[in-house]
Amino acid sequence: TQLLEQSPQFLSIQEGENLTVYCNSSSVFSSLQWYRQEPGEGPVLLVTVVTGGEVKKLKRLTFQFGDARKDSSLHITAAQPGDTGLYLCAGGGGSGAGSYQLTFGKGTKLSVIP
Amino acid sequence: NAGVTQTPKFRILKIGQSMTLQCAQDMNHNYMYWYRQDPGMGLKLIYYSVGAGITDKGEVPNGYNVSRSTTEDFPLRLELAAPSQTSVYFCASSYPSYNEQFFGPGTRLTVL
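Protein sequences appear in the order of chains A and B. So the first sequence is numbered by the numbering used here: it starts at 1 and just counts up by one. So the second sequence is numbered by the numbering used here: it starts at 1 and just counts up by one.
A couple of the hints might just be wrong.
[To be verified] Taking lysine to aspartate or glutamate and the EDC-like style, the derived pairs with C-alpha atoms no more than 20 Å apart in a straight line are:
| # | chain 1 | residue 1 | chain 2 | residue 2 |
| --- | --- | --- | --- | --- |
| 1 | A | K106 | A | E54 |
| 2 | B | K44 | A | D67 |
| 3 | A | K109 | B | D38 |
| 4 | A | K70 | B | D38 |
[To be verified] Partner residues are not named here, just some residues of chain B that face chain A (Cβ under 7 Å, in silico):
| # | residue |
| --- | --- |
| 5 | Y31 |
| 6 | G42 |
| 7 | V50 |
| 8 | A52 |
| 9 | G53 |
| 10 | Y95 |
| 11 | N99 |
| 12 | E100 |
| 13 | F103 |
| 14 | P105 |
| 15 | L109 |
Hints listed in this document are in silico derivations from the structure and should not be mistaken for laboratory results. For every residue, glycine included, the Cβ atom is placed at its ideal position computed from N, Cα and C.
Based on the provided sequences and hints, a complete structural model is requested.
What follows is the structure, encoded as structure tokens:
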């Protein structure tokens, strides 16, 4: 069974602070995705990383895929209240799973206080 | 495009009742999925389909059934509802490449 461990589980910070969320596994994934989910809505895809060591930026959000493709991080610079939500990482094509399945982490619940 | 739509938004069932959660997508995606999300537990895959007429079990299929007669629709059937099925249910669809999934707004189900 593949597992994706996310940390921290909860994070409450002041507006303007920086933060990093981690997603770790003992399994190798062919791709790693990050989703954001707001209360009462479905997850929305933020980014997909597929190459070991890859870094992608989306405005104030920076995503990195580990060299061994087993872990990833999400860094937010100068967090804003609009960043509040549940951040989920999901690994695709891990060992034992079909390429059409994703393994989801349990999520990091972020609250940005104005 | 409407994307992925789900109905109903909310539903309360009594133990032993049955119901069907509807899911439709207009993006011509071959792959479709049903997940349940419980507090602090992330998303668990119930069933998935790689095309019309093809379905398979995910991680937590017990108590559920699915069918896929068209590319657009992927209904989830609950037979003999139990309190353990109280959850939020999400339908998703994707293209094959990298499996980037598009989610519906969810159905919040309570079984009393």
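Exercise. Return the numbers of the hints above that this structure violates; sort them in rising order.
Key: Hints 1, 2, 4, 8, 9, 10 and 15 contradicted; others consistent.
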